[in-house]
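Take the sequences, apply the hints, and build the full model.
There are 2 protein chains.
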Amino acid sequence: MKILILGGDGYLGWPSAMQLSAYGHEVVVVDNYLRRRMAQEQDVDPLFQVANLHERVRLWQAHSGKKIEVFIGDLTDWDFISDVFGKVQPDAVIHYAEQPSAPYSMIDRKAATLTIQNNIMVTANVIFAVREFSPDAHIVKIGTMGEYGTPNIDIEEGWIDVKHKGREQKFLYPRQAGSLYHTTKVMDTDMLWFYVRMWDLRVTDLMQGPVYGLVTDENENHPELYPFFSYDELFGTVLNRFVAQAVVGYPLTVYGKGGQTRGYLNIKDTLNCVRLSLENPADKGELRIFNQLTETFSVNELAERVQRVGNGMGLDVEIKSIENPRKELEDHYYNPVHSGLVELGLEPNFLTDEVLAQMIEIVVEHKDKIANHRIFRGTKWA
Amino acid sequence: MKILILGGDGYLGWPSAMQLSAYGHEVVVVDNYLRRRMAQEQDVDPLFQVANLHERVRLWQAHSGKKIEVFIGDLTDWDFISDVFGKVQPDAVIHYAEQPSAPYSMIDRKAATLTIQNNIMVTANVIFAVREFSPDAHIVKIGTMGEYGTPNIDIEEGWIDVKHKGREQKFLYPRQAGSLYHTTKVMDTDMLWFYVRMWDLRVTDLMQGPVYGLVTDENENHPELYPFFSYDELFGTVLNRFVAQAVVGYPLTVYGKGGQTRGYLNIKDTLNCVRLSLENPADKGELRIFNQLTETFSVNELAERVQRVGNGMGLDVEIKSIENPRKELEDHYYNPVHSGLVELGLEPNFLTDEVLAQMIEIVVEHKDKIANHRIFRGTKWA
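Protein chains in written order, with our numbering: chain E, 1 to 382; chain U, 1 to 382.
By construction, these hints were calculated from the structure, which means they are not laboratory data. Treat each hint with caution, since some may be false.
All copies of an identical chain are treated as equivalent in the list; a pair is satisfied when it fits inside any one copy or across any two copies.
With a straight-line cut-off of 16 Å between C-alpha atoms, the simulated EDC-like cross-links for lysine to aspartate or glutamate are [said to hold, decoys possible]:
1) 110 with 132
2) 2 with 26
3) 87 with 132
4) 284 with 91
5) 170 with 279
6) 380 with 286
7) 320 with 157
8) 170 with 343
9) 367 with 45
10) 66 with 286
11) 110 with 77
12) 369 with 316
13) 257 with 354
14) 2 with 69
15) 380 with 200
16) 170 with 157
17) 327 with 200
18) 369 with 43
19) 66 with 26
20) 110 with 79
21) 165 with 154
22) 284 with 108
23) 320 with 304
24) 67 with 323
And the structure:
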């Protein structure tokens, strides 16, 4: 299958490209290095430098014997995206090409505007390009569990039957996102759902929880093929951040009460979920939604685990509750259904002590590159 | 109260400006004439030419002795909107400044892109400008009943309590819009709802049904103060179109079965709803939603009424069902709650035979300017 990966330079885009290439698919990656530029501008370089996409593709070919094609350009630009789709004519499109940081989207008006314009216009252009060049292509869109927020009822997989005054209607599960970034993903969903109904698009929306880790089957023992690993507040996911903080003796930053509960998954499972979705595509005219997580933890539970495993490895890990810069519930009901991907064949890689120890070991190797001032800046939600 | 009307040149913006000025408010109107340019480009001029905003403000002053201030510029441009908000420091903002046509948004990719970029970025800029310059200002946003679509359960006023597996949560009423234009209004709501929660904005969202008519208390017997009256498929609302078709003997274009039911209101009631909302503002941190309609009709019912009243006035009105260019249900449940604005004091102007006859009389005066080729073009939804 010919697969176009939009945002192929990212934390998840690049590992997906390698896995799908390893599985025999013809892979094309597209990126404009927006994520790299934002990190530079905000002075939050990742843990180690990562080669550019052309270079990584060469490294991958040396390692695997397989080719990946690269296009560098801005997907909000119709001339560029139509050129790519016209040349590639993909069977499937994976849409990772978004400004992916909730705190970044809350910094100021300019960052908010960039987030809105990039995320909405890339999604719109993907819809128009699929319609024009590959109307049967399967769009796999990376959504986020953050679209749902923290409702007081169970979170179903994308849809809910509402009974009201003796009548019944199936709706998209109502969303109430916790950041502007997450809100742009809700808006993406609005647009995709509309055009699925109008143009019979074929879409899978993967409502993903925070991802952790950096080792996959394709890059194990090949650090030159690792993705970005961010440990800063803007681009680092919470467990990755806690691991880096543990390594340098920076007290783990628990926001407020620490009861915030979310659904997490190993980066290996992200890749498997995306691949399983591609191998079992949605129907034409279907917006299929899966909740992409394997287990839920509160922030306190994550911090305690990192502390326990870290201390067992000779680190001296402290946990410190700080004033919550976000506006969110710190103690709430959270019960998301997540059986759809398991039914497709997902075999979860849970967060064991061994997995955590492996992450800590890798980060320890880069300990001297961690700059403490990058860890926390307290971007405020209000 | 100092009121900033964004989109003050439009079908509803200008009549609102006059009414609020007549009621003693200090009114400032802003527009970039986008609606006029789109109509020119698409060759769908309104029934009669309308003076530009500066000229209309002079006409209004000559008539009423009251001043309205004008700014001409593009609200997607932060430099412009921040200049306006900085100078005006409004107590309330009425946000009409959107590409308002469902069929226009479905013409092609360029029209869709314009709709998305204009509507989303104006709304975002309004949010940022209020936050920066007038954080206590009341935003009255013109939404649309079209955001809800045609669900099989009653349409509540913006919110719904969902009971699910023994638990309960209040949600924004789930939306499934019927055009890209309507979808951008859903996206606007997503953004407003997010920032209401984060920044304690004060917002009223008026979910308005199709409006008809052109005579208001302020322009009665002053045709030079009439708003645009469009009779074409792109910018004409259905009843206005049917009246023009009846006048020139163009069979009333009923799409498909004609069972499509919507909630309608007289332009006078739109103005009253907006004014009542301003006089009774939402609280800080409240997204207050009203369904703004006074009665529901199916398309067949509207066509039959125009036929009956028109024939009674000596016209020869035919009704013709044509293939539906839209993708929509032609026969469906429709029961919207709309008591909130009545509780605020709205006294509806219903669609009586007299109201319809007055509309027909005015359009008859301009009969020779109606170009039949402008009436229908069949912009397809799919």
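Hint check results:
Taking the closest pair of Cα atoms, residue 110 and residue 132 come within 16 Å of each other only across two copies (13 Å); inside a single copy the shortest separation is 32 Å, beyond that limit. For a Cα distance limit of 16 Å, the shortest separation of residue 2 from residue 26 inside one copy, 5 Å, qualifies, whereas the shortest one across copies, 61 Å, does not. For the identical chains of this complex, residue 87 and residue 132 are intra-copy neighbours only, at 12 Å inside a copy versus 45 Å across copies, given an alpha-carbon limit of 16 Å. Taking the closest pair of Cα atoms, residue 284 and residue 91 come within 16 Å of each other only inside a single copy of the chain (13 Å); across copies the shortest separation is 49 Å, beyond that limit.
For the identical chains of this complex, residue 170 and residue 279 are neighbours neither inside a copy (27 Å) nor across copies (37 Å), given an alpha-carbon limit of 16 Å. Taking identical chains as interchangeable, the C-alpha atoms of residue 380 and residue 286 are never at most 16 Å apart, the minima being 38 Å within one chain and 21 Å between chains. In this homomeric assembly, residue 320 and residue 157 never come within 16 Å of each other (Cα to Cα): the closest approach is 34 Å inside a single copy and 44 Å across copies. Proximity of residue 170 and residue 343 under a CA criterion of 16 Å is satisfied in neither setting, with 22 Å inside one chain copy and 31 Å between copies.
For the homomeric pair residue 367 and residue 45, the shortest alpha-carbon distance inside one copy (14 Å) is at most 16 Å, but the shortest distance between copies (68 Å) is not. Taking the shortest Cα distances, residue 66 and residue 286 never come within 16 Å of each other, neither inside one copy (33 Å) nor across copies (56 Å). Taking CA atoms no more than 16 Å apart as the test, residue 110 paired with residue 77 passes between copies only; the shortest distance there is 12 Å, against 19 Å inside one copy. Neither within a single protomer nor between protomers do residue 369 and residue 316 lie at most 16 Å apart by alpha-carbon distance, with minima of 19 Å and 84 Å respectively.
Taking CA atoms no more than 16 Å apart as the test, residue 257 paired with residue 354 passes in neither setting, with 27 Å inside one copy and 64 Å between copies. Taking the shortest Cα distances, residue 2 and residue 69 sit within 16 Å of each other inside one copy (11 Å), while across copies they are farther apart (58 Å). Taking the shortest Cα distances, residue 380 and residue 200 sit within 16 Å of each other only across copies (14 Å), while inside one copy they are farther apart (41 Å). Proximity of residue 170 to residue 157 under the C-alpha cut-off of 16 Å is restricted to the intra-copy arrangement: shortest distance 12 Å within a copy versus 19 Å between copies.
Only between protomers do residue 327 and residue 200 lie at most 16 Å apart by alpha-carbon distance; the minimum there is 11 Å, versus 38 Å within a single protomer. In this assembly of identical chains, the alpha carbons of residue 369 and residue 43 lie at most 16 Å apart only when taken from the same copy (13 Å versus 63 Å across copies). Taking CA atoms no more than 16 Å apart as the test, residue 66 paired with residue 26 passes inside one copy only; the shortest distance there is 9 Å, against 69 Å between copies. Taking the shortest alpha-carbon separations for residue 110 and residue 79, only the inter-copy value of 12 Å comes in at or below 16 Å, while the best intra-copy value is 25 Å.
Proximity of residue 165 to residue 154 under the C-alpha cut-off of 16 Å is restricted to the inter-copy arrangement: shortest distance 8 Å between copies versus 21 Å within a copy. Neither within a single protomer nor between protomers do residue 284 and residue 108 lie at most 16 Å apart by alpha-carbon distance, with minima of 40 Å and 21 Å respectively. For the homomeric pair residue 320 and residue 304, the shortest alpha-carbon distance inside one copy (11 Å) is at most 16 Å, but the shortest distance between copies (71 Å) is not. Proximity of residue 67 to residue 323 under the C-alpha cut-off of 16 Å is found in neither arrangement, the shortest distances being 48 Å within a copy and 50 Å between copies.
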